[in-house]
Each structure stands twice: as structure tokens, then as C-alpha cells.
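Residue numbers (my numbering), protein chains in the order written: chain A, 1 to 612; chain B, 613 to 1224.
If you're looking for bench data, these hints aren't it; they were derived computationally from the structure.
A quick note: this is a predicted structure, and the numbers were derived from the prediction, not measured.
Beta carbons: idealized from backbone N, C-alpha and C, even for Gly.
Do not take every clue at face value.
[Claimed, not checked] Derived Cβ-Cβ restraints for the label pairs, each shown as a range: (1) 898/B <-> 562/A: 52 to 62 Å; (2) 337/A <-> 1076/B: 12 to 22 Å; (3) 943/B <-> 151/A: 42 to 52 Å; (4) 345/A <-> 1131/B: 19 to 29 Å; (5) 1208/B <-> 69/A: 58 to 68 Å; (6) 1208/B <-> 502/A: 17 to 27 Å; (7) 901/B <-> 59/A: 41 to 51 Å; (8) 168/A <-> 1177/B: 52 to 62 Å; (9) 151/A <-> 1208/B: 57 to 67 Å; (10) 769/B <-> 51/A: 23 to 33 Å; (11) 1104/B <-> 521/A: 46 to 56 Å; (12) 492/A <-> 1177/B: 44 to 54 Å; (13) 59/A <-> 1208/B: 35 to 45 Å; (14) 1127/B <-> 468/A: 29 to 39 Å.
Now for the letters of each chain:
2 protein chains.
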Amino acid sequence: MAEFAYDIRDLKFILNEWLDMDEVFGLDRFKDNYEKDDIDFILNEVYKMAKEVVFPINKEGDEIGLKFANGKVTLPPAYIEAYKFLQENGWGSANESLGSDELMPLTLYRAYNEMLMAACPALTSYIKLTTGAANLIYRFGTDQDREMFIENMLNGQWSGTMCLTEPNAGSDVGDSTTRAYPTDDPGIYKIKGTKMFITGGEVDLSENIIHMVLARPEGGAPGSKGLGLYIVPKIWVNEDGSLGEPNDVVCIGVEHKMGLKASATAMLSFGENDNCRGILVGSPADSEGASKGLSMMFHMMNESRIGTGHNALSQMAAAYYFAAKYATERIQGRLFTNPKAGRVPLIKHEDVKRILLEMKAQVEGIRAMIFRGFYYLDIAEHSSDKEKAKRCQGLAEILTPLIKTYAAETAWQMIGQAIQVYGGVGYTEEYPVSQYARDVKILSIWEGTSFIHAMDLVGRKMRMGDGVPFANWMNDRKEFIETNKNNEGFGAEFNRLAKAYQCVAEIKELYSAYYADKTQKGHLIPLYALRVLTCCAQLFAAESILDQAILAKRKIEELGTDHHDYTYYAGKVNSAKFFINNILPNVYYQAELIKNADVSALECPEEAFIVS
Amino acid sequence: MAEFAYDIRDLKFILNEWLDMDEVFGLDRFKDNYEKDDIDFILNEVYKMAKEVVFPINKEGDEIGLKFANGKVTLPPAYIEAYKFLQENGWGSANESLGSDELMPLTLYRAYNEMLMAACPALTSYIKLTTGAANLIYRFGTDQDREMFIENMLNGQWSGTMCLTEPNAGSDVGDSTTRAYPTDDPGIYKIKGTKMFITGGEVDLSENIIHMVLARPEGGAPGSKGLGLYIVPKIWVNEDGSLGEPNDVVCIGVEHKMGLKASATAMLSFGENDNCRGILVGSPADSEGASKGLSMMFHMMNESRIGTGHNALSQMAAAYYFAAKYATERIQGRLFTNPKAGRVPLIKHEDVKRILLEMKAQVEGIRAMIFRGFYYLDIAEHSSDKEKAKRCQGLAEILTPLIKTYAAETAWQMIGQAIQVYGGVGYTEEYPVSQYARDVKILSIWEGTSFIHAMDLVGRKMRMGDGVPFANWMNDRKEFIETNKNNEGFGAEFNRLAKAYQCVAEIKELYSAYYADKTQKGHLIPLYALRVLTCCAQLFAAESILDQAILAKRKIEELGTDHHDYTYYAGKVNSAKFFINNILPNVYYQAELIKNADVSALECPEEAFIVS
């Protein structure tokens, strides 16, 4: 089996050289616990674990999958070991849990976590969900809730889930029908309903599972605003933290999926015997029946959604590294420009190298974009400079839909290309790339479909705060171009970037006009929203990687071409050139389509889509 | 389980209304056997079979797959039944076999075969390979070969394979090391070597398997020109057609693939005990060691490669029909433009409808392109007008790489979108779309990778016959625009088409200049070849579907909007508008990139791709 390899150099570049990590490590929350010197050690340690502990179980999980019988899910034993290993040794939830002393900056945590996700995405999703549940309890629970639950979740004894989706309420979570009935015990409710697509909803990783459940209290308003949030342990937890009786939560099935076969996607029935108890989080419904359950959940969503994009990026990156390695080893065919020179490795073929650089450019561009998102979240969450924190919060919120959607959509295409580089063997399960293709596809649906995020961008993020955060965001783009455009060696690239900026500015104007005339133009808003998102994402990714390339070029000038890092920096410059000259021009094309505003999709009779 | 549905109306439109099938049915080879009135009957019959006999086994094959033990492959029994049913009842190889009285025009055969491929691609590949092998024997074998083999292949008793690839010779088949040694028996050779990726190489469908094997005779020249072609039956066939002893052909393994799990992809060892006999096809190697094995195989390749594109099209079409149906049934969310109207079916959401029309436009555009290819092949093969046959042969050869590659590459993207329409359930194996994604991916690799076809286009097809066939092809495009551009209602579309034509013309000029200055510009030829192919394919598909839309619009004018066919025709007009206004402009974008000729992919140091 091919060995796992990952571009730890690029992660170190981002943290040690590119982002202003002095600022991040200087934040009060972190300054006594972590310092810049920790970066290399942490990344090196985790890279070793990713190679030796985590990646080896990835294929096993895919082949064996999980077993479901009598309401119980059984994972391959190696998964349980790996889960406990990471959680107990402090490489899991503890490092991203707000209530933990070991809390790391997201930038740092996510850098090492990226390698673990790449090595086994089915495993890391259990950790991610546990962290999410613990963070919800930390942020919105009572002191008692925190004491009862968090420690055991962070140390791997208990795992956690988020329960939103129902059989008849997916993207429209406001239509949920799960109910919460008050009991005589204040704060304790009886929960009744069915939830589906619950990652880790039933699993033998841990002795207890803490479900965070959206449910509508009696008398709650309809729609999403009536939903409350409840802590529903699989096994009841006594006030002293000891385990009580089993709660009335039953796993009634798991999904048979295309990929992520060791990630248990459960259908859960709560309160089938009217005996499922949940602890209310936050205040009860107000006099108008409104609860804050969904908004509490959404509070965690920016990180979670950027994290989903990051998950997609990590898988596409892993597939790319495998394909690149294979391309240097596999001898196949002769050069077009020099056929007499004999057979050559695949990478010598121009189109193969083009595919590889396309993957590299997408990976590095998206990674750069994502880490800027985490950087903004670090500042937004922890900076004492409230003005700056607010600005960064706005920027992170704008980036969230871009990252989530662009990374997930691009991953499907790029992993398809990784299979292509392998040729026929890439289609077999002997090599790891086909599993990545199967594992990654869900990420354009998880945590909101691409369309939902596109509407979040044009409907909310571009317009929130009277449009100030988006104007800030656009202004940052413009300023980057103004400040750097005379940088030697990137003249053509800055011209292209400026043109793409202009396209996005025009699109923004157009969308403002649509909102101003919603009766006449409203239908165009959702019709072209996803294209708008793609344009914004490609503009931002292009800028980010160009910014990196400028730094890399300076490093080359400083260190010379004989330095052992020369190859890395030269590769970075080429990634940026490829991205801007080959990928970014898609923005011009999309902008034309948006302005052209063809409505054939809306005019086509619905019946024309149906055959019988 | 969802019921199989297919757009039989579009197939009927192509054969009954759009293509000049009078010309095809008037060809000497067909005029006594088939007539236009047969079309609807044949399509209706096969559609019923596809629904009732073939589609029901598709999921079973995926779930159960095949078993391999002791050198034997066991298929799910339903596969064997379905194979025999189609072959014995004359719905398989007999209809596309040159030596058969039932030979149909490809246009007709392929129209019904499309539904069978869509219903179960793993099944139809066995039929396709059997036909291919039988056609090779018919065209290049002796009378005795024909008598010994063909009948039993066409009636389903024996199946066939094509054996090209070896562990160390994939895309570069000329590097094959399988050998053929003469025996005392004239025309009989001993075969020794290993072949891999042999579809149907070992399978329990039939009592014998007829392998068509490329091997290098002793003293054969190196490279592809030294390869001969041999008939190697799994069980030796006596001169009277009866079965003899087992030949020395052993299946040493099957691939575990991402999809097509009921399609046996075998590794075969020939002559491990020095006792594998093969019958030479064609003449022995000439004095320079040259044989015609590969060119004989390639003679069948145009149809086979268009067929691979057609296979991709059929799967993407099936996934689209399933997704469209689901979108009309599944209630989810509220309209952006009218949220108070309550929950609506998915198809009402603008972006969902946009995805559906994109799939529809791609499906219909590619299908139109493919059937023009089959039409050209029918004329090329059977017309008594030699001039016309030659012209059509040239056009079919140009279309071959376009169809094969554009269909296969687009299918991966479009089936990904079909999963997206379903949302979370699309990622589960309860619905058919994820299987299509897994099944289809190999088609961009089978029968030559996308890059190989791109080089075939720019290196051979654009330049063969002093460039006359490609000039004819371009001229046809120009003439279409000139003749139809004033057609009312499509003014904007013709402007766009003319612009795309101009782009392709400029690209062609540029490539001619590259070939004229290969020393300086040669590297750009392979670097941008795939983009060139995409431009040509999108131009041709756009024209084809626009041509259909003009006809559809005329039909609407004739029949009125109350006619039961109105929806179909209106949908066709919208498909064309969507294709030309949203997909075709990609040609402008690609043409810009080609002209810009960025070489970052070639400049990037190889070491920059490798991480460790």
C-alpha cells in the first residue's frame, strides 16, 4: 500500500512565514500556553501519527465498514483505538474546545488536524462532532452542565453529536417536528421525534454519547425560530457525573453510503417509550414561542462550515500527493517533444504535469483561503481590540460560504483528476484515490448544500450590517492590488486579478439592483447565486496564493536557488501563476453569464424534465 | 427502489425527425431488412426490457459483485440470465455484427442500446466486447475462422474479449511483451504473456471465451508496428466448431474496482505451461518484422470509442432522469421569491432547476453529437457513393476523440450534480445516482485516456489527409451558421455560435503554427491539447442541439402549444438556449487561455510536486 504523504512544508509556511501568528500567539487566551516555536514540533508529531496511526486504518474502515445489529453500531476495532489514542493524548477535542486549558488557536489546531482529516476523514468526523457538542455546552450551558459533561467529552470517554436533520426536514430545518415536553423537573424535558443523518449517532467508540438535539417545545412558534436546544445523553448522567439509566434513544438504522463507510450515519428515535429526557440549553421559549436553539447551533457554524471546506481540501490534497508521487514513479509512454528518448515517468507528459499543477494550485489556493478564515476567527473570538474583532468576525462570516462550497465542489473535480493521473489502476481500490472520491462527495451537501451557502452569501453576507462587512472585504481586495501591483515579476498576474476584482464589483452592483427591484429581478438572485459565490471564492483564493507567491519570491531572492527550500518556493510561484492565469479567468466567463442573465432554466416547462 | 425511466422521446426525435434516416435505411445493406417504421417498435420493446429485465439487476450486481476463486469468476445468476436473454433473442451482438444478417444501422442499434447501457452498464460491456471480437474475426479472419467462431458468439453461447493492456504497457501498447511463437501447424502460434484490465476475461456467462490478443511474433519489430493479432479461445475450438481441450489461459486475478462491480476485469496469464495456442489473424510479419495487429484492432476503434462516450452519456442521462424525478417529488424548503406559499418540490428552487437544465442540455447536446457520429459511420461503412463515404469517414474520425472524451469528462461532473440534487440521500446507496458516479469514472480512461484522445485530435485528426477532413468539418460548421443565422428566435444564439466558431478557427491556426515551428512551440501542443478538444466538442454539441431546436421550434409552430408533444419541443428549445448561453461561452474562455499560452506547468520543478 502506498505510504501517506502530506505537504507539511506548506502548513509550516502558512504558520511560520505567511500569517501573522505573532499576533495570534500574543492573544491573552493563548500567550501563556503556546508560542510560535511550538509549531514545527506539533506539526511534526502529528504528521508521524497521521502516517503511522491514522492512515493505516483508513482503508480498513472503507473495506470492513461498520456493522449494525440490534440497535448497536460496531466499528472496526482499530477505529476505537485510534479515537481513544487521539483524544486521550490531547490531539483531539481538547485542543479546539473553548472550555479547555489546552485550547489552541484555530490556525494551529487546524493545521495539524488537516493531516489527520486527510489520513482518515471517517475517524476525524467523530472528534469534530464531539468538539462541537462540547463547545455548545460550554458556551450556552449552565455551570452544572459544563461540569457534568465537558471533561468526559474532551478526554474521549464520551462522544457527541449534533441532531438537526429529520426525514422531512433537511435543508429546511425549521420544519422539524421533534417535540420537547416540559416535566415537573425544571429544565428537564421529554423529547419525542426522529432525527436522521446523525454522524456518530450510535457508535461503540465511547461509553456514552451526548446528543445536542433541536426540538420544538410545546407551544413553540412554527419555523426555525421556535426550535429549542436540548442535551440528550444516550445514558442519563447523574448530577455527580456518574452514569445512570439508559435514556430512551434508539438507533433504528444506519445509512449505506457511497463513502465514509466507517462513519456511522444514524437514524435515531427519541422517546419511543415516552421516556427520553433532555436538558434544556438556554432559556425556555419566550411569550411568543421563540427559542434560540437554532441560533445557538449556528453560532458554532462558521467554524464548523469552514471546517467542512477544510475537510474537502484535506482529502483533495491527499489525493493530489498520492497522484503526484505515482506520476513520478510510473513509467509510461514517450515524450511528445522527444519520442526517441525512451519511456518516461508519467509526470514528464505535459498534460499530466498540467493536471498536477492544477491540483497543486487549487489545493494551495484553497488552503490559503481557509487559513485566512481561521486567522479571522482567532482574532474575532479572542482579541481584546473589539473593533478589530468585529471586523474579523464579519470577514470570517463572508469567507464561510465561499470556503465551504468552493472547496467541496472543487474537491470532486480534482479527485476525479487524481484518478485520471493514475489511469486504470486509479479506478481500483488498490490505490487510495478512488476512496477519496467516494468519501469527499458528501461535503457539498453536509452543513448546508452549495445552493444554501450561495444564498447565504448573496442574501445575508453581502447585505448584513448595511453592507459594511462586505464593503470592507471588497476594500481589502482592492487595497491588496493597489499595494502590490508593481511587484516585479507578477505584472500580468496583477492585471488579471484587477480584472477579476472589477468583475466581482460589477456583480455586487448587479445584485444590489436585483434586491432593489425584487419584484422584477428577484428570480435572478437564486438563479445565479452559485456562480456569484464561485467568482468571490476564486478572487479571494487567487489573491491569497499570489500573496504567498510574493513572499516566496522574496525568499528565493534572499536564500538563492541552491537553498534546500528553493524547490518549495519556486513551486509556490508556479502555483500562483497557474491559478491566476488558468483558473481565475473563469471569473470573467462567469461574470459574463451573470450579466447575460439567461433565464432558460426558469422558462423551461417542469414537465419537460420528466420522462416516463 | 426507484423505477428506471429514460427519454425514449428524444431517441425517437433523433431517428424519426432529425437525422436523415431515409438515407440510412435506403443503403443496400439495410434496405431489405429494416425500415423507418421499425424504429418505434424496436425502441418501445427495448425500453420495456430495460425497465423489466435489465435495470433490476443493476443494483444487485453492484452489491453482490462477482466472486473470484480458483481462477473462476462467478457472476450473480441474474446477470447470466439477462445476458443470454439479450443475446439469444437478438437484442445483442447480432444486431451490430458485420457478419450478421440482422445487422442494423448503428444509428438504430445504438439508440436502443443506449437504454440498455443506462439500465446496466456492467452487463452491456460483455455484449459490446463480444461484438467487437466477432467483428474483428469477420473483417480480418479467414472463412474458416468466421465459420468456427462467429455464430456461437452472436447467439450468446460464447463471449469475446479484446486483450491489449499489460502490466507494463497501458497507454503505450507498443511496449507490450506478450509473445507469439510459430508452431509446425501453419497459422497456429504459441502465446506467452500476461494481459490485464481484460473486461470479461474470465466470466461464467458463456461456455467459451474468445480472446483477441495482441502479441509480438518472434522477430517482430519493436513498438506497436510489430504486434500481431491472434484468436485465443479459452477452450480450443476444433475445425468442426466443437469444443476441444482447455487452452492454457488462466485468470490470475480480478480487479476490485470503485464501480462496475459486476463487470469482471481480469488479469490473464497466457501460456504459463507453454501450451496456449492462438490462431493468427491476417498475414504473418513481413520481412521488416511489421504486423498489422494494432491497426486491425484500431479499425474497430472509432465505433468502440464513440461507444465509450455513448456509454458515459447513457449513464449521465439515467442519473439526470432519476434526479429530475426525485426533484418533482421531494418537498423541501420554500421559494425565495414567494416564501409564504409554503413548502415546494425541489424542482421549484431556481438553482435546482438550473442544475437540471444544465444536465438536460449536456445530455441532449452530447447525444445529438454522438448520433451524428453514428450516422457518419453508417454512411462511411455502407454507402455506395465512395466520395460521400470517404467524407463521412473523415468526419466520424474527427468526432471520435471529441465524443469519447467530452462525454466521459462531462459525465463525472454531471452525475456529481445529480447527487447534489438528491441531497444527503443521493450519497446513500438507496438511490441509484451514487452507483452511476462510481460506474462512470473509468470511461475517461478506458479506450484511451482523455489526453491520448486530445493528442489524437490535434496530432492526427486535424492534420490527416493534408488537413482536408478537418477543413471539411470546419466548413460544415461555418455553413450551418451561414444557412441558419437568420432563423427567427435564435439570433443571440447564432451570434454566440459564430463567436465560438471563430475561436476554434483561431485555435486551429495557432496549432498549425505550433506544428510548423515544433522546435520552439512543440511543448505547447500537448500542454493545451485537452482544452482544444473541449472547444471543438462544445462547438459541435452546441451546433447539434441548436439544429434540433430549430426543428423543434418549427414543430411547435406547426402543432401548436396544445399538442401533447409541445412540452418535449419546448424543452428542446430551452436545452439549446441553455447550452449556448451558459455552456458554450466556455469556448471563449478556453480559447483565451490557449492563446495566452501560460507555461507555468512546464516550468514548475518536478520536485515541487513531491512531498515526503
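Against the structure, the hints come out as follows:
no. : hint                         : in the structure
1   : 898/B <-> 562/A: 52 to 62 Å  : holds, 55 Å
2   : 337/A <-> 1076/B: 12 to 22 Å : holds, 21 Å
3   : 943/B <-> 151/A: 42 to 52 Å  : holds, 43 Å
4   : 345/A <-> 1131/B: 19 to 29 Å : holds, 24 Å
5   : 1208/B <-> 69/A: 58 to 68 Å  : holds, 59 Å
6   : 1208/B <-> 502/A: 17 to 27 Å : holds, 18 Å
7   : 901/B <-> 59/A: 41 to 51 Å   : holds, 45 Å
8   : 168/A <-> 1177/B: 52 to 62 Å : violated, 36 Å
9   : 151/A <-> 1208/B: 57 to 67 Å : holds, 58 Å
10  : 769/B <-> 51/A: 23 to 33 Å   : violated, 53 Å
11  : 1104/B <-> 521/A: 46 to 56 Å : violated, 19 Å
12  : 492/A <-> 1177/B: 44 to 54 Å : holds, 53 Å
13  : 59/A <-> 1208/B: 35 to 45 Å  : holds, 41 Å
14  : 1127/B <-> 468/A: 29 to 39 Å : violated, 56 Å
In terms of the numbered hints stated before, the structure departs from hints 8, 10, 11 and 14, listed from lowest to highest.
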